[in-house]
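Based on the provided sequences and hints, a complete structural model is requested.
Protein chains in written order, with our numbering: chain A, 1 to 231; chain B, 232 to 462; chain C, 463 to 693; chain D, 694 to 924; chain E, 925 to 1155; chain F, 1156 to 1386.
Hints listed in this document are in silico derivations from the structure and should not be mistaken for laboratory results. Glycine residues also receive a C-beta, built at the ideal position from the N, C-alpha and C atoms. Treat the hints loosely; a few may be bogus.
Said to hold, decoys possible - Across the chosen pairs, the derived CB separations fall in these ranges:
{"no.": "1", "chain 1": "F", "residue 1": "Lys1308", "chain 2": "D", "residue 2": "Gly888", "range": "31 to 41 Å"}
{"no.": "2", "chain 1": "E", "residue 1": "Ser1014", "chain 2": "D", "residue 2": "Pro882", "range": "14 to 24 Å"}
{"no.": "3", "chain 1": "C", "residue 1": "Glu613", "chain 2": "D", "residue 2": "Leu848", "range": "52 to 62 Å"}
{"no.": "4", "chain 1": "F", "residue 1": "Gly1223", "chain 2": "A", "residue 2": "Glu192", "range": "20 to 30 Å"}
{"no.": "5", "chain 1": "D", "residue 1": "Lys713", "chain 2": "C", "residue 2": "Gly528", "range": "36 to 46 Å"}
{"no.": "6", "chain 1": "D", "residue 1": "Lys909", "chain 2": "F", "residue 2": "Lys1317", "range": "39 to 49 Å"}
{"no.": "7", "chain 1": "D", "residue 1": "Lys923", "chain 2": "C", "residue 2": "Leu494", "range": "26 to 36 Å"}
{"no.": "8", "chain 1": "D", "residue 1": "Glu844", "chain 2": "E", "residue 2": "Ser1014", "range": "33 to 43 Å"}
Claimed, not checked - Calculated pairs, DSBU-like style, for lysine-lysine (alpha carbon to alpha carbon, straight line, at most 30 Å):
{"no.": "9", "chain 1": "E", "residue 1": "Lys1086", "chain 2": "E", "residue 2": "Lys1096"}
{"no.": "10", "chain 1": "E", "residue 1": "Lys944", "chain 2": "D", "residue 2": "Lys858"}
{"no.": "11", "chain 1": "C", "residue 1": "Lys683", "chain 2": "B", "residue 2": "Lys251"}
{"no.": "12", "chain 1": "A", "residue 1": "Lys216", "chain 2": "F", "residue 2": "Lys1317"}
{"no.": "13", "chain 1": "E", "residue 1": "Lys1096", "chain 2": "A", "residue 2": "Lys172"}
{"no.": "14", "chain 1": "D", "residue 1": "Lys846", "chain 2": "D", "residue 2": "Lys858"}
{"no.": "15", "chain 1": "E", "residue 1": "Lys1155", "chain 2": "C", "residue 2": "Lys615"}
{"no.": "16", "chain 1": "A", "residue 1": "Lys216", "chain 2": "F", "residue 2": "Lys1308"}
{"no.": "17", "chain 1": "B", "residue 1": "Lys393", "chain 2": "B", "residue 2": "Lys251"}
{"no.": "18", "chain 1": "B", "residue 1": "Lys462", "chain 2": "B", "residue 2": "Lys251"}
{"no.": "19", "chain 1": "C", "residue 1": "Lys627", "chain 2": "B", "residue 2": "Lys447"}
{"no.": "20", "chain 1": "A", "residue 1": "Lys39", "chain 2": "B", "residue 2": "Lys462"}
{"no.": "21", "chain 1": "C", "residue 1": "Lys482", "chain 2": "C", "residue 2": "Lys693"}
{"no.": "22", "chain 1": "B", "residue 1": "Lys384", "chain 2": "B", "residue 2": "Lys403"}
{"no.": "23", "chain 1": "F", "residue 1": "Lys1320", "chain 2": "F", "residue 2": "Lys1290"}
{"no.": "24", "chain 1": "E", "residue 1": "Lys1077", "chain 2": "E", "residue 2": "Lys944"}
{"no.": "25", "chain 1": "A", "residue 1": "Lys172", "chain 2": "A", "residue 2": "Lys162"}
{"no.": "26", "chain 1": "C", "residue 1": "Lys634", "chain 2": "C", "residue 2": "Lys624"}
{"no.": "27", "chain 1": "C", "residue 1": "Lys634", "chain 2": "C", "residue 2": "Lys597"}
{"no.": "28", "chain 1": "C", "residue 1": "Lys683", "chain 2": "D", "residue 2": "Lys855"}
{"no.": "29", "chain 1": "D", "residue 1": "Lys732", "chain 2": "D", "residue 2": "Lys914"}
{"no.": "30", "chain 1": "C", "residue 1": "Lys683", "chain 2": "D", "residue 2": "Lys914"}
{"no.": "31", "chain 1": "B", "residue 1": "Lys403", "chain 2": "F", "residue 2": "Lys1327"}
{"no.": "32", "chain 1": "E", "residue 1": "Lys1096", "chain 2": "D", "residue 2": "Lys846"}
There are 6 protein chains.
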Amino acid sequence: MRIMVINPNTTTSFTDTIQKSCERYISAGTELIVTNPSKGVASIEGSSDGIKAAYHLVELIEANEGQGIDGYVVACFDDTGLQAAREVTSAPVVGIGEASLHMASLISARYSVVTTLQRSVSILQDNASTYGLDKRCQGIHAVNLPVLALEDKALAFEAMLKRSKEILEQDKSECIILGCGGMSGMSEPLSEALGVPVIDGTAAGIKLIEALVGMKLQTSKACTYAYPNKK
Amino acid sequence: MRIMVINPNTTTSFTDTIQKSCERYISAGTELIVTNPSKGVASIEGSSDGIKAAYHLVELIEANEGQGIDGYVVACFDDTGLQAAREVTSAPVVGIGEASLHMASLISARYSVVTTLQRSVSILQDNASTYGLDKRCQGIHAVNLPVLALEDKALAFEAMLKRSKEILEQDKSECIILGCGGMSGMSEPLSEALGVPVIDGTAAGIKLIEALVGMKLQTSKACTYAYPNKK
Amino acid sequence: MRIMVINPNTTTSFTDTIQKSCERYISAGTELIVTNPSKGVASIEGSSDGIKAAYHLVELIEANEGQGIDGYVVACFDDTGLQAAREVTSAPVVGIGEASLHMASLISARYSVVTTLQRSVSILQDNASTYGLDKRCQGIHAVNLPVLALEDKALAFEAMLKRSKEILEQDKSECIILGCGGMSGMSEPLSEALGVPVIDGTAAGIKLIEALVGMKLQTSKACTYAYPNKK
Amino acid sequence: MRIMVINPNTTTSFTDTIQKSCERYISAGTELIVTNPSKGVASIEGSSDGIKAAYHLVELIEANEGQGIDGYVVACFDDTGLQAAREVTSAPVVGIGEASLHMASLISARYSVVTTLQRSVSILQDNASTYGLDKRCQGIHAVNLPVLALEDKALAFEAMLKRSKEILEQDKSECIILGCGGMSGMSEPLSEALGVPVIDGTAAGIKLIEALVGMKLQTSKACTYAYPNKK
Amino acid sequence: MRIMVINPNTTTSFTDTIQKSCERYISAGTELIVTNPSKGVASIEGSSDGIKAAYHLVELIEANEGQGIDGYVVACFDDTGLQAAREVTSAPVVGIGEASLHMASLISARYSVVTTLQRSVSILQDNASTYGLDKRCQGIHAVNLPVLALEDKALAFEAMLKRSKEILEQDKSECIILGCGGMSGMSEPLSEALGVPVIDGTAAGIKLIEALVGMKLQTSKACTYAYPNKK
Amino acid sequence: MRIMVINPNTTTSFTDTIQKSCERYISAGTELIVTNPSKGVASIEGSSDGIKAAYHLVELIEANEGQGIDGYVVACFDDTGLQAAREVTSAPVVGIGEASLHMASLISARYSVVTTLQRSVSILQDNASTYGLDKRCQGIHAVNLPVLALEDKALAFEAMLKRSKEILEQDKSECIILGCGGMSGMSEPLSEALGVPVIDGTAAGIKLIEALVGMKLQTSKACTYAYPNKK
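If you want it as structure tokens, here you go:
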């Protein structure tokens, strides 16, 4: 099984963080490729960043068709370009935002998301509502760190720990979802400190794409996600 | 007042159709610019077409900043790149999909949308649900004509008339929304033939952007639609 | 174009406030009539006030049929008698409550309403939910001033400013909607003080009715809003 | 216990039909007054009829305050003026539309409403949605008889039987709700003919108001349903 | 009329509390049997307690078939085993959780629930959402007393009074629902102290089952609640 | 990794069918135990069957605590006793109903469920709504075969093929979910015949539990799914 994980921004240190998380969770025997587009934006903070990143993400997937990729993970919590990605490949595609919400709902009755910036909150709420996965979600909150500030891991951990404690109390939640791909690697120590499960989206994405491939399931090409129409 | 209407696909005959509709509805004294990006896709049929078109739409709006545009209309019923467009300009931006749904809900208790292809139906349903404007919408249906087939106006009119009659009966609807920018120009004869109001999205977009500018309202730059963050 | 704006309560100083706001926003060439029923209630605070006002509003519209009115605005934020008004005239009718919610959703991802009294909050929530426009609405709140206390403009402005600041913080909203027709005139200074757009319902109503008339759209008489049945 | 049932239209033969249904279902020891306003409309078919009827209904309840009425039933399936009625009396008030939906949800997992005219369908859907009781409701349908045609009982029964059979099949429903006060008296024979429970709104209203009075519950006067404010 | 009220836990002092509340509210002429299964759990705090209690509840109802019971009340606020109970008897069955939500929505625009433990909150929210009765419910909260602690009536009353006051303020609610069968008996003094109506689920259940029997309504056996299929 | 799959009914031939499906999809290195309770019901067709099966399912899981089970799958499409099961073990638990809905939403924009009997449809709709996964679900339908009739595999396949074709057309769906554990083994040939993905719940359950265990995630014991309280 050959899985490609795409960090849709161009910051390679982010790609490295994601690679480490993938390696920690990937099954023996799964071949892993972690990459990012060479053009686009350094981080995805809002919708226009998202469109620019998605454009290059779609190009990158198109360029890989026929190279034996069995499944793709889009490693941005906004699920940047996810629906479009599903059209341009026959392999299944999972976004780490949706993956996290699915996994959280299997292990908890109440979960909350902690993302980087407030400007992403409405985007994530729209996604959760579109998927239907806002039903058990008690809140989507910002820790108020820019995406790239996550690279200072110690500072980011402290900020996340403090904010997560507040949110568990306020939302009466029982599980925390890390709302940014760049938070990968933080889930296990944070879970230990908080005493509740913490979901790492990259791990969730990897395991769900393995699950789909293991079930021999591919994206339905019947209509909505068919290859783009010839004009 | 200076309004720019952008057909986000590259088919200039479409842009001409939209221009005619705009000219028919625009207020005296409003300066009108109707244009399309020079790069991208010939028509938007699905999400990957949408991403490609949105990329160039955002670029085009960025290029116009500082040129005295008071408001933008995105003239694709999918509201391609709408949230992103709101970030990159201080002028208000209206999509013709949302505009149509807003207008229909002011004049009817039950309305239905007729779009081109079934592959766009789920995209439009997600949009309507995200806006909340699915509450009174009785159905979103395809006439099963590719976008570019709309250029044969007589054929397209017959197909739309037949399909709209079926839908009014089936949905018990009281108003029809034309679910594609390329259907502009069809609303008045279709309304006459059907005996119910028919909404032309381009007209709705033009009038709503005039309304916003007339109220001196601009997109809130407080957070979600702030200019993209510097990295 | 000839537009009638009806303040559904009998307080003429309110009608004057609304008239001033209308004059500020109306397009050149639109003829404006601002009026109120001579019987009914001095202010609309709750459902029984609403029924009494609506009764006389409907009578007033019926009395104006055939007088060349192209469109009506119901200038109470409760949208008093709105559905009934649509039945008794062929001209389009817009309520300032719905108008405000539509406009806010075109320029912000998150908006909140500030109305006069807590007793109206559930009424406004039911309206927003019925329209579907509660999706992006982050809260409907009372400033806790009786409707007629709005006539002390300085006091009302200070109270609104303080309450709006609290609500922007609490709801993480990006736009404020003035939840009472009597707050007309306050939107521009309040917007300046708050740094976010503020929606004046009367202005929104005027511009939306102009937009509908400009599109040559009338209320669908197909069924729900048909003229009352003969018995 | 003294209960007043108000047919909000002025057709006394309707009031008689409702009286008969009430007498059939009322508990021994409950004193029953069935009445209608002397002014207003002969039947309620749509929103403007509703406003006119509600105005006189509210007047009638106000006139009865202090006369020892323990509870009111509003005997129109549109729940005409229900929220307003709750404000003007300290006694509890139940509408037969809401009463029917509550009762149906206690005895069936799937129920459908059959009302008189299509023009009332959207009104009833809005009510059900406002109450939340659209969750298990599989459809609201018209039998396409004007309200006053229900007075030909044999014809009305045949039409209702035929339409109910279609609806049970189409909606896969397990219970029918009679969607008009004038259908009172039809529930038991229709239930026998259909083999599923059939809800008579008047009966439901009577029994729910008895239940509330029996529990010593009155409408909360805390805020929304407080007596109208003095101006 | 012969009504059986079943406390689904095995704590007989609870059954006694419920019996007292029933006797207070039951109509003259209704024969009352209050009982509990002899096996199962001492209190229902969460889903596994619920399954164990439901198993014995269903057995108990099956054992009573043919004994002339006209209606059942399930006297646990979780509505333990309610759907199952409806299948195994021809008599109507009402749960005290649903009964309370129905009654509260007839007398108030905004109500809140106070239950015992936080672990039941998500269960009650799921119930309310499934019934659709979460629409007007402003919150479901825990007083943080174990179910059996309710037997210290003075302590429980003080705790409930304090928590209810907080909740009325926070939720801007106008009615309190007692979210546990063991709180029966507390509604009238609590209502007096709070100045808003307080709903006792047992009373609500008793009166609703009397109402259904009085309407001659039985659970629809058409499909979902048909007797269990023979294998 | 040691996974226990529990068929909650007592029909061992069903357990065998499920075992075969599990063996086909399980990862190398996962130890598999497929079992069923020795007491309970032969098939789960409705809520009272569900309660009886759930009781013994919970007992069976309690009896296995401390035996090194890393995760459980509840192999009935009703997700019988799922919330209760989560309380009585520290290992994660997945139901095949929820698992199927999660998987379908990752590979298709529109999916429909085909279950055995109409009496289960409302139960499955309530589940989907509770999970939020009704958002993209276009319909839940019965093939009208009793559960045990699925053992005639050829007949069941023909019936499912015919019904699925009808449903794809009617719902405009792009993916079919097999709505009963006893349909396991049918997904691949049915997918081939229909040309769209078909989800086998048992496979989905197995792969999701492997995914959770691979992520080192356990059910949150913070509150809702904590071990049952001591009384």
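A quick look at each hint next to the structure:
no. : hint                             : verdict
1   : Lys1308/F / Gly888/D: 31 to 41 Å : holds, 35 Å
2   : Ser1014/E / Pro882/D: 14 to 24 Å : holds, 20 Å
3   : Glu613/C / Leu848/D: 52 to 62 Å  : holds, 57 Å
4   : Gly1223/F / Glu192/A: 20 to 30 Å : holds, 22 Å
5   : Lys713/D / Gly528/C: 36 to 46 Å  : holds, 44 Å
6   : Lys909/D / Lys1317/F: 39 to 49 Å : violated, 58 Å
7   : Lys923/D / Leu494/C: 26 to 36 Å  : holds, 33 Å
8   : Glu844/D / Ser1014/E: 33 to 43 Å : holds, 35 Å
9   : Lys1086/E / Lys1096/E            : holds, 15 Å
10  : Lys944/E / Lys858/D              : violated, 45 Å
11  : Lys683/C / Lys251/B              : holds, 28 Å
12  : Lys216/A / Lys1317/F             : holds, 23 Å
13  : Lys1096/E / Lys172/A             : holds, 20 Å
14  : Lys846/D / Lys858/D              : holds, 18 Å
15  : Lys1155/E / Lys615/C             : violated, 76 Å
16  : Lys216/A / Lys1308/F             : holds, 22 Å
17  : Lys393/B / Lys251/B              : holds, 25 Å
18  : Lys462/B / Lys251/B              : violated, 42 Å
19  : Lys627/C / Lys447/B              : holds, 21 Å
20  : Lys39/A / Lys462/B               : holds, 15 Å
21  : Lys482/C / Lys693/C              : violated, 42 Å
22  : Lys384/B / Lys403/B              : holds, 27 Å
23  : Lys1320/F / Lys1290/F            : holds, 22 Å
24  : Lys1077/E / Lys944/E             : holds, 14 Å
25  : Lys172/A / Lys162/A              : holds, 15 Å
26  : Lys634/C / Lys624/C              : holds, 15 Å
27  : Lys634/C / Lys597/C              : holds, 15 Å
28  : Lys683/C / Lys855/D              : holds, 28 Å
29  : Lys732/D / Lys914/D              : holds, 29 Å
30  : Lys683/C / Lys914/D              : violated, 39 Å
31  : Lys403/B / Lys1327/F             : holds, 20 Å
32  : Lys1096/E / Lys846/D             : violated, 47 Å
The structure does not agree with the numbered hints 6, 10, 15, 18, 21, 30 and 32 stated previously, though it agrees with the rest.
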